[in-house]
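Enquirer: Could you build all of it, start to finish, from the sequences and the hints given here?
Note that the protein sequences, when read in sequence, are chains S and A. Each residue of the first sequence is one higher than the last, beginning at 1 in the working numbering. Each residue of the second sequence is one higher than the last, beginning at 1 in the working numbering.
Some hints here could point you the wrong way.
Which stretches of chain A does chain S cover? Using the computed rule of at least three CB atoms under 8 Å from a CB of chain S, they are [what the hints assert, rightly or not]: (1) 88 to 99; (2) 195 to 204; (3) 208 to 219; (4) 224 to 235.
With the Cβ distance kept under 7 Å, some of the chain A side facing chain S (calculated, not the full set) [said to hold, decoys possible]: (5) Gly20; (6) Lys185; (7) Ser188.
Don't read these hints as lab results, they were simulated from the structure. No residue lacks a Cβ here, since even glycine has one placed at the ideal position from N, Cα and C.
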Amino acid sequence: MGNIDFTFFNWSLIGPYVTKGFIFSLWLTLFATVGGIALGTVLALMRMSSNRVLVLVASTYVNTMRSIPLVMVLLWFFLLIPFAIGKPIGAELSAMVTFVAFEAAFFSEIVRAGIQSIPRGQVAAGQAMGFNYGQNMRLVVLPQAFRNMLPVFLTQTIILFQDTSLVYAISANDLLKGLETAGKNLGRPIEAYLLAAVVYFVMCYSLSKLVQQIQKKVQIIR
Amino acid sequence: MAWDWEIFCKETTTGEIIKGCLGQGGDQTYLNWLGSAWGWTLTVAMSAMVVAFVMGLIMGALRTLPPTTAGNRWLARLGTVWTELFRNIPVLVQLFIWYFVIPAIFTSLKSVPSVVMVVLGLGFFTSSRVSEQVRSGIESLPKGQRYAAMAMGFSTFQSYRLVLLPMALRIVMPPLTSEAMNIIKNSSVAFAVSIAELTFFARQSGEETSQPVQMYLAVTVLYAVSALTVNRVMNWIEVKTRVPGFVGASAAPATH
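Expert: And the structure:
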């Protein structure tokens, strides 16, 4: 047994290293969830439209993103964004763009399933009311679909939060990186990795319990 | 950006272009390296898949044990703790734990090759997801199946092996297929602990040659091809093992 020094588990000691990265991890999760759902909804509507070009574009996009590892997508965007806009951007900004683009593909599949779970009669009823496509989506289909999708969205957000640690590949300063740096500088790398595991576990586990509660409530409405 | 595909024929240390693109003797071109990196990705992913399916199957089945005895309840708890533990920590952090922390605490494990630790890390991480699928598959079976097995005089083990699992596994084939594809993709995190797999190759060779686009493209295509192949193989197994008239493709439970 090697010796583990738990005095490392001390916020005043590691706080300065970790605060910025922690906030970035949370911010990235929030930004990617909101952006991913927005873009994902657009992609889902494109895939279910009657325009063949839109269907092809959206389904190619979604299938491509889903067949490439997130780490590779991070590397691609980090490489290509500077080419596209002509100047280098930081790893953090690059990570934010990548996560929205990547997660949109996954959220779009969830949204599609959610919309398809709405009975056809609802759409027909909306049409009978004289609603056009936009009104029908906005007032009838999407509100119900989003309520059904809420637990799945939250589950995906937990996975997303875990995935934010992969920004390690482009050396962005997130929670994991902050803890790793603290561990290296304070000479306690082993404790740093253990603490990272504890922090992620506590956050993800409590969130997943919360999702179970929400799931029960939503089921009654359904 | 010049689209210089000859870059793959370059020798990795001297930078000379080698005829036929494959190095002889001690020489190694980027194409050689790419091939071996693909090999590492497949090795890590396939071994982790075995670990994930075996452990996931066991833990998922344990969680559905009827709470009739204290032993059963403890086993079910073990399954739940296992699943929650490996599901709620990011795979990259788990990999660091296996690679840095465990050998530091149990010093006798220092001699274990790092690829074994990576396979265990990736495998156990995925086993938590497989366990969830297996559990939901078993729970989706009609209760009568379990009672029928009991009425036949089967022991608990026999009823799982002969009645419940054969049906449940067929039901959860679609989500298991996506987990198998996820392992291929998730194996990319092994770059962080210096396994010379595809992502590691992409980062390293991109930097060495200053032409990352070709390298990234090759790697991306290989990932997509690997994932697609796994998908086809799993679908083939699904069709081959289908029981006529019982489980259709549409009978899959929710994947969460």
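Enquirer: Now look at each hint and say whether the structure bears it out.
Expert: These are the hints, each one checked on the structure:
Counting residues of the region 88 to 99 of chain A whose beta carbon lies closer than 8 Å to any beta carbon of chain S gives 9, which reaches the threshold of three, so the coverage claim holds. Against chain S, the region 195 to 204 of chain A contributes 3 residues with a C-beta closer than 8 Å to a partner C-beta. That satisfies the three-residue criterion, and the hint holds. With 4 residues carrying a beta carbon less than 8 Å from a beta carbon of chain S, the region 208 to 219 of chain A meets the three-residue requirement, and the given coverage holds. By the rule of at least three residues with a Cβ nearer than 8 Å to a Cβ of chain S, the coverage given for the region 224 to 235 of chain A holds, with 3 such residues.
Hint status for Gly20/A: violated, given a least beta-carbon distance of 29 Å to chain S, over 7 Å. Interface hint status for Lys185/A: upheld, as the beta-carbon distance to the closest one in chain S is roughly 4 Å, under 7 Å. Because the closest C-beta pair between Ser188/A and chain S is about 4 Å apart, less than 7 Å, the hint holds.
In summary, the one numbered hint that this structure violates is 5.
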